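2 protein chains.
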Amino acid sequence: MSLLVVGSVAFDSIRTPHGEVDGILGGSATFFSVAASWFGPVKVVAVVGDDFSDEHLEVFRLRSIETSGLERAPGKTFRWRGEYAGDMNEARTLAVHLNVFEKFTPKILPSHASSEFVFLGNIDPRLQLHVRRQLPQARLVACDSMNYWIEGSLKELKETLAAVDAVVVNEGEARMLSGRQNLRQAATEIQKMGPRIVVIKRGEYGVALFNNGSIFSTPAFMLEEFKDPTGAGDSFAGGFMGYLAKAGDFSEANLRRAVAYGSVMASFAVEEFGLQRLLGLTPQAIEARMHDFMRLTQLDV
Amino acid sequence: MSLLVVGSVAFDSIRTPHGEVDGILGGSATFFSVAASWFGPVKVVAVVGDDFSDEHLEVFRLRSIETSGLERAPGKTFRWRGEYAGDMNEARTLAVHLNVFEKFTPKILPSHASSEFVFLGNIDPRLQLHVRRQLPQARLVACDSMNYWIEGSLKELKETLAAVDAVVVNEGEARMLSGRQNLRQAATEIQKMGPRIVVIKRGEYGVALFNNGSIFSTPAFMLEEFKDPTGAGDSFAGGFMGYLAKAGDFSEANLRRAVAYGSVMASFAVEEFGLQRLLGLTPQAIEARMHDFMRLTQLDV
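From first to last, the protein sequence lines stand for chains A and B.
Residues 2 to 302 (the working numbering) make up the first sequence, in order.
Residues 2 to 302 (the working numbering) make up the second sequence, in order.
Note that these hints are calculated values from the structure, not bench results.
Among these hints, one or two may not hold up.
[What the hints assert, rightly or not] Derived Cβ-Cβ restraints for the label pairs, each shown as a range:
| no. | chain 1 | residue 1 | chain 2 | residue 2 | range |
| --- | --- | --- | --- | --- | --- |
| 1 | B | 138 | A | 20 | 48 to 56 Å |
| 2 | B | 148 | A | 112 | 54 to 62 Å |
| 3 | A | 138 | B | 300 | 29 to 37 Å |
| 4 | A | 154 | B | 20 | 23 to 31 Å |
| 5 | B | 98 | A | 286 | 52 to 60 Å |
| 6 | B | 138 | A | 84 | 50 to 58 Å |
| 7 | B | 92 | A | 108 | 27 to 35 Å |
| 8 | A | 147 | B | 90 | 54 to 62 Å |
| 9 | B | 21 | A | 138 | 52 to 60 Å |
[Claimed, not checked] Partial list, computed: chain B residues near chain A (C-beta under 10 Å):
| no. | residue |
| --- | --- |
| 10 | 176 |
| 11 | 184 |
| 12 | 194 |
| 13 | 203 |
| 14 | 217 |
| 15 | 261 |
| 16 | 290 |
| 17 | 294 |
| 18 | 297 |
| 19 | 298 |
Predicted, not measured: the structure shown is a model, and the values here were computed from it.
In this text, a Cβ means the ideal position worked out from N, Cα and C, and glycines have one as well.
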């Protein structure tokens with residue numbers, strides 16, 4: 002079924018203990034859509050600048066991602082520069098240039114209106130709500146957010162949360178949003194704000210899924226080595242929503258499998274810089290890692 | 002089958018956001034043996050002082066723990082004072098009085114010699130090795146350790162590790178011992194030192210088990226509230242070793258179930274101060290939580 006993502010396309014400059022890259026294609030909508038594309042058709046709504054070339058567009062085409070919603074605006078594409086040190090658990094942002102992303106207002110095209118699965122990436126909650134209202138046929142709308150909006154636009158964020166089915170946030174954001182240290186309590190508080198499905202990302206420690214009264218907790222895939230954590234969370238969301246859109250329903254069993262596929266896609270994303278590993282995948286490689294993930298996490302062997 | 006634990010008995014004074022207790026019974030051997038006692042017979046080797054009363058001994062008797070190895074020495078019992086704040090992830094030690102524990106030399110009695118499952122709690126690695134050598138019939142010997150010994154007695158610790166089958170340490174200790182940040186690499190390095198089974202405790206995030214070439218990773222049980230983390234790691238080890246001694250073999254399947262039972266016992270331990278919750282359990286309550294643990298962690302529902 003049709004999956005739509007609204008978010009950012011960016012050029013990233015990244016330094017990690019494993020190397021350094023400059024101005025490579027990234028952004029939340031990019032990682033999300035490339036990860037999700039392995040499960041079915043994806044449409045992307047984002048903005049890029051004059052410096053976005055045919056070569057960059059080819060990355061989306063290669064994965065059959067529908068780019069009619071990829072708006073071109075005069076100016077430069079969003080740029081981010083950051084580095085990871087030590088255990089690479091946290092990015093240190095060195096520079097952010099929002100550029101054309103600063104005045105981005107997502108345009109929902111007629112071809113988007115029938116989207117049944119929607120992911121509202123981390124943008125101003127007013128814009129998330131604006132998009133959500135234009136997609137009345139959506140069966141599952143999930144949103145991301147971040148500390149910046151929780152601190153500065155809490156009222157607006159709560160209006161958006163009241164209008165979505167699911168939220169995907171990291172542990173620190175869940176605690177900040179709910180005002181609760183305990184993750185179960187935090188999830189319950191967030192569910193009271195609207196979304197019945199709360200997905201909490203815990204980085205290298207895994208993911209917790211709260212769906213109505215049920216809880217699923219799973220560790221992350223355990224890699225012997227990884228090179229660049231950039232895009233892990235968005236790749237998780239892409240695998241999660243991609244699998245759900247493919248499955249076509251969001252039963253507890255499918256939500257759990259979606260979390261596993263999301264974890265698998267995140268584990269691929271971090272193995273190489275940027276999109277390199279996600280672009281070079283095969284359905285067989287994904288199924289093989291899913292098998293390894295189950296072997297890693299399942300009690301009964 | 003018979004399970005022997007060597008470790009500490011202590012009186013703990015603890016402050017957490019949920020309350021305060023003074024001089025309650027604790028210590029690694031105490032939490033371990035009470036947790037393990039729910040799976041089968043346990044023998045304890047430890048030292049206590051003049052202030053250890055019949056009332057304290059009754060706690061062990063209540064759980065049918067064999068205490069002939071509980072040595073009485075002139076002086077006071079080991080005392081620890083600590084507090085937990087915020088998310089209670091880490092104890093802040095306010096005072097340690099080793100007292101009789103300072104000169105503790107574990108005495109292995111003839112009745113201990115046939116022990117097939119042995120847990121060497123966190124004591125001087127020289128003493129751990131001394132005990133291990135007196136138990137030639139042991140089929141599975143596991144040991145704990147801590148930063149203090151890794152920093153100060155690495156050579157001796159490595160001799161002990163070369164003589165045991167399993168090691169149970171926390172994430173930070175595993176990294177310090179191996180010199181590796183990556184947990185898979187850390188486990189491989191520790192396996193090279195001797196133990197084929199490496200169990201890495203990750204606090205509220207769960208446990209990773211490395212057994213020969215196989216890896217199992219599981220999150221912790223997710224409580225809505227807990228009051229006192231003291232003894233969680235030792236209760237985990239008690240449930241882990243207790244289940245293995247009961248099962249009688251250490252196949253991969255049994256090791257995974259042992260990790261789950263250990264996680265279950267740790268989840269009970271933290272619900273109340275000290276031993277309160279562990280002492281008030283029933284086999285039915287343990288099985289019910291094991292069922293909930295599987296429901297929480299299993300992909301297929």
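Quick rundown of the hints versus the structure:
The beta-carbon spacing between residue 138 of chain B and residue 20 of chain A, approximately 53 Å, falls within the hinted interval of 48 to 56 Å. Against the hinted window of 54 to 62 Å, the Cβ-Cβ separation of residue 148 of chain B and residue 112 of chain A comes to about 59 Å, which satisfies the hint. Distance hint for residue 138 of chain A and residue 300 of chain B: a CB-CB separation of about 30 Å, consistent with the stated range 29 to 37 Å. For the pair residue 154 of chain A and residue 20 of chain B, the beta carbons lie near 38 Å from each other, so the given range of 23 to 31 Å is not met.
For the hinted restraint 52 to 60 Å between residue 98 of chain B and residue 286 of chain A, the CB-CB distance of approximately 57 Å keeps it satisfied. Restraint check, residue 138 of chain B to residue 84 of chain A: a C-beta distance of roughly 55 Å satisfies the suggested window 50 to 58 Å. The beta-carbon spacing between residue 92 of chain B and residue 108 of chain A, approximately 54 Å, falls outside the hinted interval of 27 to 35 Å. A C-beta distance of roughly 23 Å is found between residue 147 of chain A and residue 90 of chain B, which places it outside the suggested range of 54 to 62 Å.
For the pair residue 21 of chain B and residue 138 of chain A, the supplied restraint of 52 to 60 Å holds, since their beta-carbon distance comes to about 57 Å. Because the smallest distance between the Cβ of residue 176 of chain B and any Cβ of chain A comes to about 9 Å, under 10 Å, the interface hint for this residue holds. Contact between residue 184 of chain B and chain A, as hinted, is supported at the beta carbon level, the nearest pair being about 7 Å apart and thus within 10 Å. Proximity of residue 194 of chain B to chain A is violated relative to the hint, the smallest CB-CB distance being about 18 Å (cut-off 10 Å).
Checking residue 203 of chain B against chain A by beta carbon gives a least distance of about 7 Å; that is within 10 Å, so the hint holds. The criterion of a C-beta within 10 Å of any C-beta in chain A is met by residue 217 of chain B, whose closest approach is roughly 7 Å, and the hint holds. With a least beta-carbon distance of about 6 Å to chain A, the hint placing residue 261 of chain B at the interface is held under the 10 Å criterion. Here the hint on residue 290 of chain B is broken, as its CB sits about 14 Å from the closest CB of chain A, past 10 Å.
Hint status for residue 294 of chain B relative to chain A: holds, with the closest Cβ pair at about 9 Å, below 10 Å. Given hint, residue 297 of chain B at the interface with chain A, holds; its Cβ is 5 Å from that chain's nearest Cβ, closer than 10 Å. Evaluation of the residue 298 of chain B hint against chain A yields a held restraint, the C-beta minimum of about 6 Å falling below 10 Å.
Against the hints set out earlier in the document, violations occur for numbers 4, 7, 8, 12 and 16.
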